[in-house]
Each structure stands twice: as structure tokens, then as C-alpha cells.
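In case it helps, this note's numbering puts the sequence shown at residues 3 to 596.
Careful, some of the hints might be misleading.
Straight-line Cα separation of at most 20 Å, EDC-like style, residue types lysine to aspartate or glutamate; simulated pairs [stated by the list, open to error]:
1. Lys188 to Asp14
2. Lys457 to Glu482
3. Lys506 to Asp456
4. Lys506 to Glu469
5. Lys438 to Glu549
6. Lys506 to Glu395
7. Lys95 to Asp14
8. Lys498 to Asp464
Okay, the calculated beta carbon distance ranges per label pair [claimed, not checked]:
9. Asp592 to Glu364: 52 to 58 Å
10. Asp448 to Arg551: 22 to 28 Å
11. Gly358 to Glu469: 31 to 37 Å
12. Asp531 to Gly10: 48 to 54 Å
13. Gly10 to Lys58: 30 to 36 Å
14. Asp83 to Leu39: 20 to 26 Å
Treat the hints as calculated values from the structure; they're not laboratory data.
Think of the CB as a built atom: it goes at the ideal place given N, C-alpha and C, for glycine as much as any other residue.
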Amino acid sequence: CGSTGARGDQCDSCGSLLDPTELVDPKCGVCGSTPVLRSTKHLYIDLPKALPLLEKWLDTASVEGFWAKNAIQTTRSWIRDGLKERAITRDLKWGIPVPKEGFENKVFYVWFDAPIGYISITAAFTTDWRSWWQDNDNVELYQFIGKDNIPFHTVIFPTTLLASGDPWTMLHHMSSSEYLNYEGGKFSKSKGTGVFGNDVQETGIPADVWRFYMYYNRPEKSDVLFTWKDFQEKVNGELIGNLSNLVHRTLTFISRFYDGKVPEGAIDTQLAREIMDRESEIDDLFEHAELREALRRIFALSSVGNKAFQDGEPWKQRKENPAATATLLRTLVYLIRDLGILIAPYMPSASRQLLGYLGNQEARWSHLGSFSGVETVGKPDYLFTKLEDDLIEMLRIRYAGNQDSRNEEKQRMEKQQQEAEVQVQEEALSELFAKKVTLKVSKIVDVQQHPGGDKLYIIQVDTGSEEPTTIVSSIVPYYEKDALLNRNIVLVQNLKPANFRGVKSRGMLLAASDPKAESHTTCEVIFADQFAVGTELNPEGIDVPQEPRSQVKADQFFALPLYTEGGVVKIDGRPIGAQGTVLSVTRYLDGEVG
Numbered sequence: 003c004g005s006t007g008a009r010g011d012q013c014d015s016c017g018s019l020l021d022p023t024e025l026v027d028p029k030c031g032v033c034g035s036t037p038v039l040r041s042t043k044h045l046y047i048d049l050p051k052a053l054p055l056l057e058k059w060l061d062t063a064s065v066e067g068f069w070a071k072n073a074i075q076t077t078r079s080w081i082r083d084g085l086k087e088r089a090i091t092r093d094l095k096w097g098i099p100v101p102k103e104g105f106e107n108k109v110f111y112v113w114f115d116a117p118i119g120y121i122s123i124t125a126a127f128t129t130d131w132r133s134w135w136q137d138n139d140n141v142e143l144y145q146f147i148g149k150d151n152i153p154f155h156t157v158i159f160p161t162t163l164l165a166s167g168d169p170w171t172m173l174h175h176m177s178s179s180e181y182l183n184y185e186g187g188k189f190s191k192s193k194g195t196g197v198f199g200n201d202v203q204e205t206g207i208p209a210d211v212w213r214f215y216m217y218y219n220r221p222e223k224s225d226v227l228f229t230w231k232d233f234q235e236k237v238n239g240e241l242i243g244n245l246s247n248l249v250h251r252t253l254t255f256i257s258r259f260y261d262g263k264v265p266e267g268a269i270d271t272q273l274a275r276e277i278m279d280r281e282s283e284i285d286d287l288f289e290h291a292e293l294r295e296a297l298r299r300i301f302a303l304s305s306v307g308n309k310a311f312q313d314g315e316p317w318k319q320r321k322e323n324p325a326a327t328a329t330l331l332r333t334l335v336y337l338i339r340d341l342g343i344l345i346a347p348y349m350p351s352a353s354r355q356l357l358g359y360l361g362n363q364e365a366r367w368s369h370l371g372s373f374s375g376v377e378t379v380g381k382p383d384y385l386f387t388k389l390e391d392d393l394i395e396m397l398r399i400r401y402a403g404n405q406d407s408r409n410e411e412k413q414r415m416e417k418q419q420q421e422a423e424v425q426v427q428e429e430a431l432s433e434l435f436a437k438k439v440t441l442k443v444s445k446i447v448d449v450q451q452h453p454g455g456d457k458l459y460i461i462q463v464d465t466g467s468e469e470p471t472t473i474v475s476s477i478v479p480y481y482e483k484d485a486l487l488n489r490n491i492v493l494v495q496n497l498k499p500a501n502f503r504g505v506k507s508r509g510m511l512l513a514a515s516d517p518k519a520e521s522h523t524t525c526e527v528i529f530a531d532q533f534a535v536g537t538e539l540n541p542e543g544i545d546v547p548q549e550p551r552s553q554v555k556a557d558q559f560f561a562l563p564l565y566t567e568g569g570v571v572k573i574d575g576r577p578i579g580a581q582g583t584v585l586s587v588t589r590y591l592d593g594e595v596g
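Whenever a hint applies, use it, and build me the whole structure from the sequences.
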């Protein structure tokens, strides 16, 4: 396609596999030098020779295994354009060494070697690996990959297996997805674009919530765009407003008016038939690995339950028509159990919690469509917590990906500093900071693990006022509780409150980090034991307003970047402190502060 951003393995723009010699303007991604062509000796896989074996297998496997459309198209395209001998070794130091005389200084090409790793990791786990990998009659191999890796799994790896002559278990179903893009760009670890596991782990949002959204929007037939706004809308609308709402309203009603006992009565046959018909469709979608559509049908089934509850008006009919109400509630209980079973592959923790309310933690797929086995229900908690606007905005700003993304975010914030927040064009950032932000030295008096977030502490701080202030901070990976207790920290006191997993945080402690490290892998809490509790910290030499400051939003605070220089916390070149004493750090002497 001629993209100047293409690399010497694969173009991100069009997906073509490229040699460095095919690049428009080849440059080393590390040092910027131009590559030099040299003669070398490689091992090759003779794809054209094995083509008859491959085509015979492909004609059957792609149909019987109902491959994804893009998998068939990509594979046929490779064959149509003519298969070529492909080098399977590389002149690199990192990789799997080639066990052949004369090739001691070479390693295998990763996409020749990596699929073989699927077999070797099984062999590392069990001596019975052949029952998995050499039993094509009884084992179905499903593979889940992105579209850029299709040919390695439908051409190169199958050719390797077929040409060996051994009875390998061959690919049955290829579930190849399109691309998930991020806020208008592409996810790319090498380029540092997007939110990755180390980032989302820090958010405190449960893994089940992320799993829900990623599968609800899985790019099965076309590219999909991740945006924080859509994430919030889907979670609050479907996960909470639909599924969690049905579970909570139904089980709470039974707990309140029936003492937690499932009312005796018949099953609503019409509703039961619709439930079973829809579950049959969902089961078929699972069989075809259409995971996105299956999940959406699960939530459509939940909507059926919500509509039945609403139309049945149990709050009114409980006295006017108790038999009909008992029938409705009894049927809905088993629908809820089925939903708990159906969501297990996507949201295992929520599934266990939901089934626990019914005393049916051991429920399995075979129980779908049955209407017996639940006698009592527990009073439910909410399965999920609503994602508030302030939290989403904070995360959108803070978790913008890796270094390149953070640099772009810095540029955006610098522009925001100039345009959105500065009332007078010439006003210094330090002056604006003093007007907008209240930094208060506060003492940590209690630290507790957040019950709903592995990375979160719930911290009580003494600001010098009568009541302690509650904040939530994602510093569990970096600090033990005892290392924080009774230490003075710096609190952004007038930060607009935000909900973290059901706990309202009324501020944020300051911490420094290494700007060169991966996003959110370094953290140094800025301790302020040299100051008395209640001391207000400001930029040196700036007049401080006498009137109380109003609340500041997260994006407004981060648009006024603090940093460390020579171990001193600064903004706009001015140290932060009070009465001649400055705020300082000991670890990240020249870093970022947030």
C-alpha cells in the first residue's frame, strides 16, 4: 500500500507481510540507520510442494469447521496469489535455536515456531499429549486469533503438520476477529497506543466488566472502536440496567415478600417456551464460536425477563392475583439461574455470585431450560457498580496507553492549558494552580483493602478537620498497609469526588512516577512528614487566594502538570511547599506527578 509507517515484517495499514527490502524508506526503529543487504543462508518451508495436501484439507475443514469469513478469504487469497517458499530461520540472537549443524547462530522465525509451541506446552503439562494432538477423530481444535495472524494458522502451520505425514489433530474452527481500535487510533504495543492489561488492572473496575464489554463488542465481522463513553454506556445500560436489574429486583422482591422462599406454583409455559427457544439459539451460536452475538442474545433474554416482571406487576398482583404472581416469580428465578449459567464463560465471578444467591453454585450447562432445584434465594447485593462520569473522564485522561500515547496526551493537555483553563493568556501555570487547586498535608489514619478491587486501598486521612476524609487509591502493588499508616501525604483536597467500585473518593494523594517506564508500573507516594497536618502547600512566591477554592475536575487538575526536578516537586518551575520548606521525593527525582 506504500505506507511509510510499515515495518519489515508486516504493514499495520494493509496487513501485507513484507521484507525490509520492500519498505519505501527502511530505517531501524531503534537507531534510525538504514539496513545493509548481506548474503545469508536460511532454511525454507516448501509451501508450493505441499499445496495439494493443503488444498484438499482446506476444502473440507473450512466448511465442516464453519471458519470465519475473513479466514477463508485470506487463506484463499494466499493460494490464489501463489504460495512461495518461505524462510523459517532468522539471523537473530533472541528466539528458539535451530538444532541443525551449520545453523548454530540462527533462530526459528517466530510464526513457524510459535504454533508448534501449542503442542509443546501441552506436552510440558501432560505425558498424555498425543491424546490431544494426534486424535483428529475425537478432538476439535478451535483457534482464536486476530486477522493479521490468519495465514500462519491456516497455511504455514497446517502445511507443516500435513507434510510431516504424522496423524496430527488439525484445525477445526478458525475464529479470526477483525481489529479493535482505540479512541480513533489503533491498539499497538510497539507504538504505545491504547489501554493494555497493566493499565486496566489499575482502574479498579472488575475484570468481569472488562470481559463483558470486550465480548459484547468483539470485532467478529468488522473493525470495532473502543471509546470510554461507549464503555460507560454499555456497562451502565446493559450490564447494570438490564442483567443486574433483573436479578436484584426479582430476588429482592422474593426476599421481602416471601421470606426468601421461591413461591410454589406452576411455570409460565409461554414464557418458559420463549426462554428455551432463545437458549437453543444461544447454544448454537456458542457452537459456531459467534461469541459476540451469543452474548448479545443472552442480554436480549435478560430483557425478556425484565419485560415479564414489569408487565406482571408483582408489586400489585401479589395481593390481587397471588397465583399468577407466584407463577411469574418462579419462572423468573429459573430464568435467572439460566442467565447465571450462560454468562459463566464471559463473567465467571459474576456467574458464581449470581448462582450463589440461588444456592446453585454447581449449576452446569445441562441445567439450562430446567425448572426445578431452587427452593430459596438469598437477598442479593448489586452485581456491578455504576460507572460515574467523573471516574470515566479520569480514566480516559489517565489511562491513555503507553509512552507515545502519554506524550500525545501531554500535548493535548498543553493545548488545554493554553485555551480552556487560562482566563488571561499571559497567566502563569503556577498562578492558575494556586487559584484552582488545594493541596493539604494529611495524615493517613486507616488503610483497608477495597473489597471489590485487588489494586485499591480505601484510605482514611486526617486533614486537620473534625472528620477524616475517605480516598481510594490504586497503590496496593507498591505499598504495604504498614508502610502508609501514620505517614503524612499530600491530598488534592478539592478534587471532585468520584466513585471507585461503590466507594466515594473525596480526593487524591500525590505520587511520583518514572516517565520513561511503562504506564502505571512505577509509583512513589509523596510523603510530607516535614509538614504539620493541615498545612496548605502552594507554589513558592505566588499569592494565595483568601476565598475557598471550588471543586476542580480531574481533567482540570491534570491539565496543570506537576513534576519533580532534582527531587523537588514543582509546577512551572516553582517548587511546591510552605514557609520555605519544599515538597520532595527520594526515588523519582526527575519524574511525573499525579
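How the hints compare with the structure:
1. For the given pair, lysine 188 sits about 9 Å from aspartate 14 by alpha-carbon distance, which is consistent with the 20 Å threshold.
2. Under the criterion of a C-alpha separation no larger than 20 Å, the hint pairing lysine 457 with glutamate 482 is consistent with the structure, at around 11 Å.
3. For the hint pairing lysine 506 with aspartate 456, the CA-to-CA distance comes to about 17 Å; that is within 20 Å, so the pair holds.
4. A distance of roughly 15 Å separates the Cα atoms of lysine 506 and glutamate 469; the hinted pair therefore holds under the 20 Å criterion.
5. Proximity of lysine 438 to glutamate 549 is assessed by CA-CA distance (about 11 Å); at most 20 Å being required, the pair is judged to hold.
6. Restraint check: the Cα-Cα separation between lysine 506 and glutamate 395 comes to about 15 Å, which is no more than 20 Å; the hinted pair holds.
7. The straight-line distance between the Cα atoms of lysine 95 and aspartate 14 is roughly 25 Å, outside the 20 Å bound, and the hint therefore fails.
8. This hinted pair checks out: lysine 498 and aspartate 464 have alpha carbons roughly 18 Å apart, not beyond 20 Å.
9. At about 56 Å, the CB distance of aspartate 592 to glutamate 364 agrees with the hint of 52 to 58 Å.
10. About 26 Å separates the C-beta atoms of aspartate 448 and arginine 551, a value consistent with the hinted range of 22 to 28 Å.
11. Evaluation of the 31 to 37 Å hint for glycine 358 and glutamate 469 yields a pass: the beta carbon distance comes to about 36 Å.
12. Separated by about 53 Å at the C-beta atoms, aspartate 531 and glycine 10 satisfy the suggested range of 48 to 54 Å.
13. The given range of 30 to 36 Å is respected by glycine 10 and lysine 58, whose C-beta atoms sit roughly 34 Å from each other.
14. The hint said 20 to 26 Å for the Cβ distance between aspartate 83 and leucine 39, and at roughly 25 Å that hint holds.
The earlier numbered hint that this structure contradicts is number 7, and it is the only one.
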